[in-house]
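S.K.: Turn these sequences into a full structure, and let the hints steer you where they fit.
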Amino acid sequence: MVQLIFEAVITGILTGGVYALMASGLTLIFGVMEIINIGHGALVILGAYLSFILQEKFHIDLFLGLLITMPLMFLLGLFIEWAFIRPLKRDRTMLSILVTFAIALIIEGTLGLQNTFGTDYVKLHAWYVDSSNASFQIGGFYLAYIYVFAFLLSAVLLAGLYFLLYRTEFGYSLRASMQNRTAAQLIGIDVERISALTFAIGVALAAAGGMAFGATTSFNPDSHYDLISRLLVIIILGGMGSLRGALIASVVMLVIEDVTAVVWSPVWATTVFFFLLIVILLVRPQGLFGQLEGRKQ
Amino acid sequence: MIGQLATRKHLFASSVLGLILSLLLIACGSQPGSTGPSSGTPNTTPIKIGISLSFSGDFSADGTAFKQGYQLWADYVNSHGGILGRKVTLDILSDASSTDQVQTNYQKLITLDKVDLVFGPFSTLLTKPASVVANRYGYAMIEGAGGGPSVFTQGLNNVFDVSLPVANNLVSFAHYILSLPAGQRPTTAAYATEDDPFTQPQVDTAKQILEQGGVKTVDYQVYPAETTDYNPIADRIIASKAQVVVTGTLLPDITAFIQRFKQQHYNPQALIATAGPDQGTQFLNNIGGAASAEGIMVPNGWYPGANNPGNKDMVNAYIAKYGGTPDGISSDVAEAYSVGQVAQQAITKIGSLDQKKLIAELHSGDTFTTVQGPVKFDSTGQNVAAQAYLFQWQKGNFIPVYPADAATASPEFPKPNWP
Numbered sequence: 001m002v003q004l005i006f007e008a009v010i011t012g013i014l015t016g017g018v019y020a021l022m023a024s025g026l027t028l029i030f031g032v033m034e035i036i037n038i039g040h041g042a043l044v045i046l047g048a049y050l051s052f053i054l055q056e057k058f059h060i061d062l063f064l065g066l067l068i069t070m071p072l073m074f075l076l077g078l079f080i081e082w083a084f085i086r087p088l089k090r091d092r093t094m095l096s097i098l099v100t101f102a103i104a105l106i107i108e109g110t111l112g113l114q115n116t117f118g119t120d121y122v123k124l125h126a127w128y129v130d131s132s133n134a135s136f137q138i139g140g141f142y143l144a145y146i147y148v149f150a151f152l153l154s155a156v157l158l159a160g161l162y163f164l165l166y167r168t169e170f171g172y173s174l175r176a177s178m179q180n181r182t183a184a185q186l187i188g189i190d191v192e193r194i195s196a197l198t199f200a201i202g203v204a205l206a207a208a209g210g211m212a213f214g215a216t217t218s219f220n221p222d223s224h225y226d227l228i229s230r231l232l233v234i235i236i237l238g239g240m241g242s243l244r245g246a247l248i249a250s251v252v253m254l255v256i257e258d259v260t261a262v263v264w265s266p267v268w269a270t271t272v273f274f275f276l277l278i279v280i281l282l283v284r285p286q287g288l289f290g291q292l293e294g295r296k297q
Numbered sequence: 001m002i003g004q005l006a007t008r009k010h011l012f013a014s015s016v017l018g019l020i021l022s023l024l025l026i027a028c029g030s031q032p033g034s035t036g037p038s039s040g041t042p043n044t045t046p047i048k049i050g051i052s053l054s055f056s057g058d059f060s061a062d063g064t065a066f067k068q069g070y071q072l073w074a075d076y077v078n079s080h081g082g083i084l085g086r087k088v089t090l091d092i093l094s095d096a097s098s099t100d101q102v103q104t105n106y107q108k109l110i111t112l113d114k115v116d117l118v119f120g121p122f123s124t125l126l127t128k129p130a131s132v133v134a135n136r137y138g139y140a141m142i143e144g145a146g147g148g149p150s151v152f153t154q155g156l157n158n159v160f161d162v163s164l165p166v167a168n169n170l171v172s173f174a175h176y177i178l179s180l181p182a183g184q185r186p187t188t189a190a191y192a193t194e195d196d197p198f199t200q201p202q203v204d205t206a207k208q209i210l211e212q213g214g215v216k217t218v219d220y221q222v223y224p225a226e227t228t229d230y231n232p233i234a235d236r237i238i239a240s241k242a243q244v245v246v247t248g249t250l251l252p253d254i255t256a257f258i259q260r261f262k263q264q265h266y267n268p269q270a271l272i273a274t275a276g277p278d279q280g281t282q283f284l285n286n287i288g289g290a291a292s293a294e295g296i297m298v299p300n301g302w303y304p305g306a307n308n309p310g311n312k313d314m315v316n317a318y319i320a321k322y323g324g325t326p327d328g329i330s331s332d333v334a335e336a337y338s339v340g341q342v343a344q345q346a347i348t349k350i351g352s353l354d355q356k357k358l359i360a361e362l363h364s365g366d367t368f369t370t371v372q373g374p375v376k377f378d379s380t381g382q383n384v385a386a387q388a389y390l391f392q393w394q395k396g397n398f399i400p401v402y403p404a405d406a407a408t409a410s411p412e413f414p415k416p417n418w419p
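Chains A and B supply the protein sequences, listed in that same order. Under our numbering, the first residue of the first sequence is numbered 1, with each subsequent residue one higher. Under our numbering, the first residue of the second sequence is numbered 1, with each subsequent residue one higher.
Please keep in mind that the hints were generated in silico from the structure rather than gathered at the bench. One or more of the hints may lead you astray.
[Claimed, not checked] Just a sample of chain B residues kept apart from chain A, beta carbon distances all over 10 Å, derived:
# : residue
1 : Ser60
2 : Arg86
3 : Gln355
4 : Gly365
5 : Ala407
6 : Pro414
[Unchecked claim] Just so you have them, the derived chain A footprint on chain B, three or more residues with Cβ under 8 Å:
# : stretch
7 : 220-231
8 : 255-267
Cβ atoms here follow ideal geometry from the backbone N, Cα and C, with glycine treated the same way.
M.R.: If you want it as structure tokens, here you go:
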């Protein structure tokens with residue numbers, strides 16, 4: 001049993017890394033633009049399908065393929081922000097929910113057409129995903145390469161993002177917009193440009209998250225529903241707008257769920273987590289590293 | 001003023017008359033099997049069979065396949081002398097997958113079109129209300145796609161499902177495991193299933209049979225259908241070191257289990273899933289190739305090569321009429337075809353279309369033969385003679401391995417280690 005719990009914790013941490021990657025874009029977008037991007041799950045799935053095409057048709061490795069999918073999704077993010085988000089002038093937060101949900105449906109519908117991918121389940125493959133020897137052995141337990149690689153990818157990208165936010169001028173402008181949009185405008189920061197770039201970065205991160213998700217789970221165009229609900233919960237727990245919060249909340253959620261599943265039952269895993277979430281929110285409504293913290297930075 | 005009064009009285013009188021006339025018509029129409037002249041003169045008018053099918057909505061794909069099945073059966077019967085010397089015609093109405101429309105349809109078919117016989121619609125959802133309408137007029141409802149328990153708990157005696165009850169899908173597998181010689185037979189089993197009305201009953205039934213046969217349950221898990229992280233579930237199965245793993249899954253979960261079992265170097269002697277491995281190339285693509293599928297089992301109610309009466313004819317007729325390959329034929333076609341076969345055999349036996357006699361005959365314990373296998377109804381109308389075939393992936397081929405009379409190869413046991 002102890003062995004099982006130990007394995008569940010390790011698995012939870014590694015899987016948490018995958019979810020952190022997916023959630024980081026979402027929390028960034030909310031932090032800067034106060035937009036709740038319901039379409040983020042669909043963008044993750046879109047990223048997964050892009051990786052799928054590169055791997056199936058052109059035999060490009062999943063991680064190398066990110067050098068193509070991330071810039072592509074970055075451009076898509078710029079387009080979406082310009083076409084759908086920028087026109088929202090009033091009631092931005094509320095309307096953004098509707099608009100981004102519409103984006104999610106458009107993506108799901110386009111991917112689900114018989115001429116594109118249809119509704120069949122697919123999965124990403126690579127030697128480090130499928131081979132039964134693709135794991136580090138620790139005692140009687142095997143750490144799959146793909147989870148370790150995905151966790152490392154998360155760490156690298158999140159570190160890069162942190163560097164961007166705290167060591168570059170763009171980052172200063174971005175954090176200023178996060179703190180107080182109007183004040184930032186008053187001191188000459190082009191808030192619209194910052195918003196566009198932030199959204200695009202968020203979508204590019206979704207591409208990376210999509211690759212990690214697709215390598216560990218079967219997916220089809222409908223998979224985004226279950227995904228977005230979990231991502232929203234993660235950013236609420238971590239504090240909307242906090243990158244550090246997204247990472248820690250992902251790991252916390254996955255570890256709690258995995259340990260509950262092995263010790264008690266999978267049926268209770270989500271319930272236990274939500275119970276703890278409610279307790280935390282009662283004590284600390286802004287989440288673990290909530291907005292207040294984020295804005296102080 | 002007086003003119004208006006007179007008009008109103010006139011209208012009132014005509015509407016009452018109309019009402020009485022309609023009631024009389026409906027009363028006349030609701031006598032089952034009241035078409036055709038009395039016995040003595042041979043009847044050659046076609047037998048009208050009323051059916052409601054879904055050509056739009058949730059069940060559109062299945063509705064189309066069912067129509068093909070019913071039509072193929074009608075074509076076959078008509079070219080082989082008909083039933084009781086009469087040809088059959090199908091009166092099919094569209095119900096758009098709606099529970100209201102399906103009731104209206106059967107109402108119309110029975111009372112206005114005065115059909116001699118009705119066949120069932122597609123799905124438990126629609127069969128349930130449709131059977132109530134048929135029951136009101138004393139009609140038998142022979143169907144092939146309404147297998148959910150709720151259809152049979154309504155207290156009706158006129159519903160007959162020719163297909164295998166869903167809960168019995170894994171019974172063949174359980175019997176196979178228990179049929180192994182004592183030295184080879186596994187002694188421990190782990191079960192994991194979605195909390196889904198399709199998967200869970202199957203797994204629970206198999207667990208009961210295996211436990212009674214002496215196979216110890218070392219792990220039993222039920223997980224929500226919305227689960228996205230299957231690793232802890234798989235890890236518990238692995239930790240239990242079960243020799244047999246029975247899973248109630250769809251494609252994404254069995255894919256995740258296989259990947260985890262592979263990574264953790266866990267090799268059960270037998271692995272079966274309720275769905276997933278039956279998805280052909282989609283399954284192989286998900287798990288990374290045919291080598292990983294080797295030895296994995298799944299139940300199946302019908303397949304084109306099944307050695308049942310009329311199956312070969314049906315498959316050939318299907319290809320001739322609709323094209324394609326045998327593997328592309330939906331099992332819905334076989335279900336619809338079987339409905340027709342049972343109706344024909346029962347009517348021929350009793351020599352009449354009288355619905356009361358038909359219902360009695362179907363409940364009599366007689367066995368009928370169909371392309372899906374034998375059919376025998378219990379008191380609730382479920383088919384207790386049906387048995388699922390056990391299918392297994394062997395060297396990239398998806399083949400039946402049990403029962404022996406349907407097998408094209410012996411079952412591979414124990415399952416080879418992951419590649």
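S.K.: With reference to the structure, classify each hint as holding or not holding.
M.R.: We went through each hint and held it up to the structure:
1. Ser60: holds (14 Å)
2. Arg86: Check passes; 43 Å lies beyond 10 Å.
3. Gln355: Given that every Cβ of chain A is farther than 10 Å from that of B:Gln355, nearest at about 41 Å, it holds.
4. Gly365: Answer for B:Gly365: holds, closest chain A Cβ roughly 41 Å.
5. Ala407: Nearest chain A Cβ is 29 Å from B:Ala407, so the label holds.
6. Pro414: Holds: least Cβ distance 17 Å, greater than 10 Å.
7. 220-231: holds (count 9)
8. 255-267: Since three or more residues must qualify, the claim that chain A covers the stretch 255-267 of chain B holds, with 7 doing so at under 8 Å.
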